[in-house]
Amino acid sequence: MISESILEGQKVRLRPVEERDLPRFVEWLADREVTRWLAAMGKPPTLEDELEWYESKRGDPDNVMWAIETLEGQLVGNVELRLSPRARRAEMGIAIQDRSQWNRGLGTDAVRLVLEYAFDDLELNRVELTTDEENARAIRCYEKCGLQREGLLRQHRLIDGRFGNTLVMAALRDDWRRARR
Amino acid sequence: MMTDERVLQGDKVRLRAREERDLPLFVRWYSDPDVRHWLHLSDRPDVTLESERERFEKARDDPALVVWVIETLDGRPIGNVGLQGIDRHHGRAELGISIGEKEYWGRGYGTDAIRQVLGYAFAELGLRRLWLITDEDNERGIRCYEKCGFVREGLLRNHRLRHSQPLNMIIMGALRQEWTEAGS
Numbered sequence: 208m209i210s211e212s213i214l215e216g217q218k219v220r221l222r223p224v225e226e227r228d229l230p231r232f233v234e235w236l237a238d239r240e241v242t243r244w245l246a247a248m249g250k251p252p253t254l255e256d257e258l259e260w261y262e263s264k265r266g267d268p269d270n271v272m273w274a275i276e277t278l279e280g281q282l283v284g285n286v287e288l289r290l291s292p293r294a295r296r297a298e299m300g301i302a303i304q305d306r307s308q309w310n311r312g313l314g315t316d317a318v319r320l321v322l323e324y325a326f327d328d329l330e331l332n333r334v335e336l337t338t339d340e341e342n343a344r345a346i347r348c349y350e351k352c353g354l355q356r357e358g359l360l361r362q363h364r365l366i367d368g369r370f371g372n373t374l375v376m377a378a379l380r381d382d383w384r385r386a387r388r
Numbered sequence: 673m674m675t676d677e678r679v680l681q682g683d684k685v686r687l688r689a690r691e692e693r694d695l696p697l698f699v700r701w702y703s704d705p706d707v708r709h710w711l712h713l714s715d716r717p718d719v720t721l722e723s724e725r726e727r728f729e730k731a732r733d734d735p736a737l738v739v740w741v742i743e744t745l746d747g748r749p750i751g752n753v754g755l756q757g758i759d760r761h762h763g764r765a766e767l768g769i770s771i772g773e774k775e776y777w778g779r780g781y782g783t784d785a786i787r788q789v790l791g792y793a794f795a796e797l798g799l800r801r802l803w804l805i806t807d808e809d810n811e812r813g814i815r816c817y818e819k820c821g822f823v824r825e826g827l828l829r830n831h832r833l834r835h836s837q838p839l840n841m842i843i844m845g846a847l848r849q850e851w852t853e854a855g856s
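Protein chains in written order, with my numbering: chain F, 208 to 388; chain Z, 673 to 856.
Everything labelled a hint here was simulated from the structure, so no lab data went into it. The beta-carbon is built from N, C-alpha and C at its ideal position, and this holds for glycine as well. Keep in mind that the hints are not guaranteed to be accurate.
Ranges of calculated distance between the beta carbons of each label pair, as one might list FRET restraints [said to hold, decoys possible]:
no. : chain 1 : residue 1 : chain 2 : residue 2 : range
1   : F       : Asp267    : Z       : Asp706    : 32 to 40 angstroms
2   : F       : Asp328    : Z       : Gly778    : 40 to 48 angstroms
3   : Z       : Glu796    : F       : Asp381    : 38 to 46 angstroms
4   : Z       : Glu729    : F       : Leu258    : 27 to 35 angstroms
5   : Z       : Asp809    : F       : Arg347    : 31 to 39 angstroms
Given only the sequences and the hints, what does the whole structure look like? Please build it.
Below, the structure written as structure tokens:
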């Protein structure tokens, strides 16, 4: 579903994804430099693909998704939680799709907001994610947010014709609360 | 592309496709608290004939899923083994197995079944990686997976609940490259 909650941090605001955001996503997702890091990405999506994607997320009660925008209201990417409610856990997926906005701490701010929402509002025990072993920028960001490395999935993903390892990282509610005190 | 449940024959077990007449058996297996204990099922609603039928029907339309019934060589069904999330692009799938007839636990039936599936996945489907997750305290399961060539790749903290208590799970992976080198 599209989250109705608006979350505001130091640098970004998370708000519901709207249909008018989709053309920007299509534009950004045509860039190999962006999609190279995205596990779920196959061919660059068309506007029709994105619309279908948007509708399927909207109808999925176990998915919470936001658009990420700067505090000035400029769209830069999206973030979602894929929930496993009975296990009290979720998998996070985040993409700052606008490459000109990389390395400014926007992702870090967004991840922190989503963790807070996941642990405080949804009362999850665990938020996990996977990322390429080579994605040093993302790993640094996740570690800053308190996620820990838990494992390395060998040859998990085909990237440009070769097999890359995938890192599993997770944050636990108990650690999160302790760190905040 | 649909992947079908070809009959696979090992030293102790035969794997065959599920049939509608198996459903009452699945209901009995997956209602057993000792069986559920080790599965993600432990905190799910009860299994009924309707819920199993629904799962069976849904599985038939899923091109990324194969599920076999594990039978003894004299034809007694004792459990299920399958692959889900078959991803031909990345060449990987997740393995799941459960032996529903408890008197067959710890006797090598699961090991034989998994070896057949590994061979099928690597040699016939052309996959490069199989992975699985299992409860950290499932020593019998872990021993079996290691015997089949799975390697521990990580510890997922508080990954699921068992009777409302958070439980760590281990993630393991087997690579075609290593399986071939081991001469399996």
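Status of the hints after comparison with the structure:
1. Asp267/F <-> Asp706/Z: 32 to 40 angstroms: holds, 34 angstroms
2. Asp328/F <-> Gly778/Z: 40 to 48 angstroms: holds, 44 angstroms
3. Glu796/Z <-> Asp381/F: 38 to 46 angstroms: holds, 45 angstroms
4. Glu729/Z <-> Leu258/F: 27 to 35 angstroms: The hint (27 to 35 angstroms, Cβ to Cβ) holds, given that Glu729/Z and Leu258/F are roughly 28 angstroms apart.
5. Asp809/Z <-> Arg347/F: 31 to 39 angstroms: holds, 34 angstroms
This entry satisfies every hint, going by the numbered hints stated previously.
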